[in-house]
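Peer 1: Protein sequences, first through last, are from chains X and S.
Sequential numbering of the first sequence, starting at 1, is according to this note's numbering.
Sequential numbering of the second sequence, starting at 1001, is according to this note's numbering.
Everything labelled a hint here was simulated from the structure, so no lab data went into it.
The reader is advised that the hints may include incorrect statements.
No more than 25 Å apart at the CA atoms, straight line, and that leaves these computed lysine to any residue pairs for SDA-like [said to hold, decoys possible]: (1) X/LYS41 with S/PRO1039; (2) S/LYS1097 with X/GLN42; (3) X/LYS41 with S/GLY1040; (4) S/LYS1070 with X/SER43; (5) S/LYS1036 with X/LEU46; (6) X/LYS100 with S/MET1053; (7) S/LYS1056 with S/SER1084; (8) S/LYS1036 with X/GLU99.
Here are the chains, one letter per residue:
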Amino acid sequence: GAVVSQHPSWVICKSGTSVKIECRSLDFQATTMFWYRQFPKQSLMLMATSNEGSKATYEQGVEKDKFLINHASLTLSTLTVTSAHPEDSSFYICSARDEKGQTYEQYFGPGTRLTVT
Amino acid sequence: GEDVEQSLFLSVREGDSSVINCTYTDSSSTYLYWYKQEPGAGLQLLTYIFSNMDMKQDQRLTVLLNKKDKHLSLRIADTQTGDSAIYFCAETTRGFKTIFGAGTRLFVKA
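Using the sequences plus the hints, can you model the full thing?
Peer 2: And the structure:
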């Protein structure tokens, strides 16, 4: 099946620095990718929808200047957490839709665990 | 608004059947899904059902959909210790957004 990768799988950074997380669709093209955040023992919260070649659509309550999303190609979306703080520590998961597949097909990456100290 | 609810915890004995329930609010849902998440890992799609179907069976998994009551269930037959994980119910709306439930933690006792 289709594969979505994320890099890095985990990262520790100091408070005030910025961290970039990559999401790649390895064997299919994805016009649309999604970024989720998951707190420990909680569900996934959709943060934003990343659209190739255009601005991301952010969910209510998500700061777009804090979480910068760039979807520069059909196989890569990046999420940059700017001026990270300890409360940004979380598990970030991306997903991608296979534009040529069935409507239900959405593939998830393995997640990136961010710890801000 | 869109909301998906499910029970938070289920404990069964190995070999028994597990039934995880979920309710949703968006009547325009197109697809409904069950995902499995093991500790520290991403999500694995277990199965899905289109909104005009009542039932889908895939090996040990049976999905039942009651569209009138907006109720979805996942039955795992002959539950094994390897089935211990968190199971998320999710729906895709017409805007292709996927809304997740809080997850049901399944604990299988040997």
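Peer 1: Each hint: holds or not?
Peer 2: Against the structure, the hints:
no. : hint                     : result
1   : X/LYS41 with S/PRO1039   : holds (10 Å)
2   : S/LYS1097 with X/GLN42   : holds (19 Å)
3   : X/LYS41 with S/GLY1040   : holds (11 Å)
4   : S/LYS1070 with X/SER43   : holds (20 Å)
5   : S/LYS1036 with X/LEU46   : holds (17 Å)
6   : X/LYS100 with S/MET1053  : holds (23 Å)
7   : S/LYS1056 with S/SER1084 : holds (22 Å)
8   : S/LYS1036 with X/GLU99   : holds (23 Å)
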